[in-house]
Amino acid sequence: MKALGIISLILLVTSLNTSCLGQTQPTENTSLAATETVQVFYFHYARRCTTCKAVEAESKKAVEELFGNKVLFAAYDMDEPEGEKKAEDLGIEGQTLVIYGGNTKIDLTNEGFMYAVNKPEKLKEIFKEKITPLL
1 MKALGIISLI
11 LLVTSLNTSC
21 LGQTQPTENT
31 SLAATETVQV
41 FYFHYARRCT
51 TCKAVEAESK
61 KAVEELFGNK
71 VLFAAYDMDE
81 PEGEKKAEDL
91 GIEGQTLVIY
101 GGNTKIDLTN
111 EGFMYAVNKP
121 EKLKEIFKEK
131 ITPLL
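Sequential numbering from 1 applies to the sequence shown in our numbering.
Rather than coming from a laboratory, the hints here were simulated on the basis of the structure.
Every residue, glycine too, gets a C-beta built ideally from N, C-alpha and C.
Straight line, CA to CA, 27 Å or less: simulated BS3-like cross-link-like pairs of lysine-lysine:
#: 1; residue 1: K128; residue 2: K105
#: 2; residue 1: K130; residue 2: K86
#: 3; residue 1: K130; residue 2: K61
#: 4; residue 1: K105; residue 2: K61
#: 5; residue 1: K124; residue 2: K53
#: 6; residue 1: K105; residue 2: K70
#: 7; residue 1: K105; residue 2: K85
#: 8; residue 1: K53; residue 2: K85
#: 9; residue 1: K86; residue 2: K128
#: 10; residue 1: K70; residue 2: K124
#: 11; residue 1: K60; residue 2: K122
#: 12; residue 1: K53; residue 2: K128
#: 13; residue 1: K124; residue 2: K86
#: 14; residue 1: K128; residue 2: K61
#: 15; residue 1: K119; residue 2: K61
#: 16; residue 1: K86; residue 2: K105
#: 17; residue 1: K70; residue 2: K85
#: 18; residue 1: K128; residue 2: K60
#: 19; residue 1: K130; residue 2: K70
#: 20; residue 1: K105; residue 2: K119
#: 21; residue 1: K130; residue 2: K60
#: 22; residue 1: K60; residue 2: K124
#: 23; residue 1: K119; residue 2: K70
#: 24; residue 1: K124; residue 2: K61
Derived DEER-like restraints, expressed as beta-carbon distance ranges:
#: 25; residue 1: N110; residue 2: E88; range: 18 to 24 Å
#: 26; residue 1: K70; residue 2: C49; range: 28 to 34 Å
#: 27; residue 1: E88; residue 2: E36; range: 19 to 25 Å
#: 28; residue 1: P133; residue 2: N110; range: 19 to 25 Å
#: 29; residue 1: R47; residue 2: P133; range: 31 to 37 Å
#: 30; residue 1: T50; residue 2: N103; range: 34 to 40 Å
#: 31; residue 1: E121; residue 2: E93; range: 28 to 34 Å
#: 32; residue 1: C49; residue 2: P133; range: 28 to 34 Å
#: 33; residue 1: A57; residue 2: D79; range: 17 to 23 Å
#: 34; residue 1: K85; residue 2: K122; range: 31 to 37 Å
#: 35; residue 1: T132; residue 2: N110; range: 16 to 22 Å
#: 36; residue 1: P133; residue 2: D79; range: 31 to 37 Å
#: 37; residue 1: N118; residue 2: K70; range: 26 to 32 Å
#: 38; residue 1: P81; residue 2: P133; range: 32 to 38 Å
Whole structure, please, built from the sequences with the hints as guidance.
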């Protein structure tokens with residue numbers, strides 16, 4: 001009976017984790033139409049877990065502390081018309097943390113979910129490393 005409880009718990013945790021991380025987007029740079037400014041977007045849905053909320057809060061904090069008004073940070077709820085349209089315009093299909101600058105797109109979704117809660121300083125370092133060359 002105890003083993004059944006443990007297995008049930010593992011399945012529950014796994015299913016919750018995959019709903020937030022079910023991404024098929026590349027993590028490498030890809031060419032895009034040029035943008036004049038560096039922009040960081042976080043796309044999410046209305047129903048969010050603690051980690052999802054931390055990704056937005058820590059990403060916004062890091063971008064503002066590191067770059068001030070030189071880099072735009074915006075979060076979009078894809079359950080709202082504005083967020084749905086922006087996601088469609090950029091080809092975003094799920095929860096995504098992404099940097100756009102020049103002809104570059106950098107997907108940091110995995111890093112955001114990996115570090116936002118327990119190692120936000122690591123996430124901040126990654127933002128610095130990825131955005132600085134784009135400025």
